[in-house]
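Given next are the chains, with one letter for each unit.
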Amino acid sequence: MKTLQLIFDKVNYIYSPGTAFARHAIKDVTFSINQGEFIGLIGHTGSGKSTLIQHMNGLVKATSGHIYFNGQDIDDKDYKLKTLRSKVGLVFQYPEHQLFETTIFKDVLFGPTNLGLDKLECELRAFEALKMVGISDDLLDASPFELSGGQKRRVAIAGVLAMRPEVLILDEPTAGLDPKGRDDILEQINKLHKESGITVILVTHSMEDVANYADRLFVMNKGELVFQHSTKEVFSRYKELEEMYLAAPQVTYVMNAMKNSGYTVTTEATTVLEAKEEILKAWRLS
Amino acid sequence: MIRDITIGQYYPAESVIHRLDPRVKLIATFAYIISLFVFQSLFGYIVVAIFLLSVIQLSKVPFGYIIRGLKAVVVLLLFTSFFNLFLTPGKSIFTLGFITITDKGLNSAVFFSIRLILLILGSSLMTFTTTPNQLTDGLEKVMGPLNRIKVPVHEIAMMMSIALRFIPILLEETDKIMKAQMARGADFESGGILKRSKSMIPLLVPLFVSAFRRANDLAMAMEARCYRGGDGRTKMKPLRYSNRDFIAYFILLAYIASIVAIRVLENMGLILIFYK
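Protein chains in written order, with the working numbering: chain A, 1 to 286; chain B, 1 to 276.
Source of the hints: derived by calculation from the structure; they are not laboratory data.
Backbone N, C-alpha and C fix where the C-beta goes; we use that ideal spot for every residue, glycine too.
One should not assume that every hint holds.
Label pairs and their in silico Cβ distance ranges [said to hold, decoys possible]:
#1 R23(A) with A163(B): 25 to 35 Å
#2 K91(B) with T19(A): 46 to 56 Å
#3 D231(B) with H24(A): 44 to 54 Å
#4 R23(A) with L204(B): 28 to 38 Å
#5 F79(B) with E243(A): 54 to 64 Å
#6 L204(B) with K119(A): 22 to 32 Å
#7 S197(B) with H24(A): 29 to 39 Å
All chains should be modelled from the sequences, with the hints used to inform the complete structure.
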């Protein structure tokens, strides 16, 4: 049973309206997200991705339009933004820059404590969240500033997970990490998505990442939401993506090149695994 | 929320004031600030207000935008008028219990506030119409003669331009960290003074960390490009006076002359002063 979780209805946002700096950052964006979906959000730099996700937990208020979370309008006067923010967890770009406590454990406690839960529950959640992102127990009392970049980022993500959100939004969670750190973090997010059924919205510049994990792709261009289709369908229209300074995954290009050279392959593959199967199939046939 | 602070921000527009040489604007602002404290009569205020309003009109910066910059100093304004109002000795005009308001107190409270407002409006107009780079260029040039008495003018100007450049960066950073902590349920708006200042810790610690990180990066980037101070350094766009700058100096001179004239007339008793 699919339940609608997040609905945007003709949302507009204008920065500094009425001054020389006014900029229409979000234009008439309309979409809905079901509970438990994995959404990939792509778009070139400055296309409005970051502004869009900040609407989802009420950090930015839409200039016009409506946003509904679990059936309630988040702009309603008696709707508590604090509740919304605990349900919709937002991990910013370079989240390690927000660490401030003396120990890792205390930093992760910050979120749940702000929710007003009792101490035991907070500690339980913090513990659980750190386990989820793979931080070992002997690091709990270390200062967050002593950690490596990748570890810091996991701690910061744990800080949001500890609030047990229903929707997890990640803004380029793998920027600046090495390939191993990148795969680790994405695998852990995917595992969390599979096991707890949490809705994930992943903002990224890596087409391979979204091809591997996302069910649906949202594509932003100049403040407008141009695509909101299945990952395969969006990548099959890679010519249009290229016009927006985006691209399809490398393997999709490989498959297209093969087809053009006369091999009997379909060009649907977006991941290396799918491409492998497709090429083997063509191999066996010939 | 944090973007509402407009003091020290450039407002891009095409106007005569924007095109003026930064040296003219610096000297004019300096002269203007001094001129505010020369006169004592209402007539003086009217002359200054007319001068300021016509410059604002010429600059094409929206008036409401400039007024917004005053928000940042409302507390200071209230503070000074409060002390002026209640603590100035003189003839009592209003008494309630131990509170006494004197005629002199009322006078200085009102006019001191007006002076402060005029001062802030005037000096913020300079930063609205001059980019930080132009400003430090102008400053370096104006203070140039001090180099002879071993004042490190170039270094001071460089420090200033870096500091000015960092204001918007740090504001943006503050905004980002604030949002990140709000996403974790932080509350910066409610509670008493103690709770509120405690809630600033999650904001200030990351902000300081990032400021130091950025300073380090910048120092490294400057060294990588062989920066070694001002000796023998040339400019891509050296400052040059044009005709409109000389006209501006002339208008400034006329303004100063009229303020001095007002002062002289006041001293001769020809213009009414509210109190002495």
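Structure-based check of all given hints:
Judged by the Cβ atoms, the range 25 to 35 Å given for R23(A) and A163(B) holds: they are separated by roughly 27 Å. Separated by about 47 Å at the C-beta atoms, K91(B) and T19(A) satisfy the suggested range of 46 to 56 Å. Restraint check, D231(B) to H24(A): a C-beta distance of roughly 48 Å satisfies the suggested window 44 to 54 Å. About 29 Å separates the C-beta atoms of R23(A) and L204(B), a value consistent with the hinted range of 28 to 38 Å.
Under the hint 54 to 64 Å, the C-beta atoms of F79(B) and E243(A), about 58 Å apart, fit the expected range. For the hinted restraint 22 to 32 Å between L204(B) and K119(A), the CB-CB distance of approximately 25 Å keeps it satisfied. Between S197(B) and H24(A) the beta carbon distance is about 38 Å. The supplied range of 29 to 39 Å therefore holds.
Violated hints: none; the structure is consistent with every hint.
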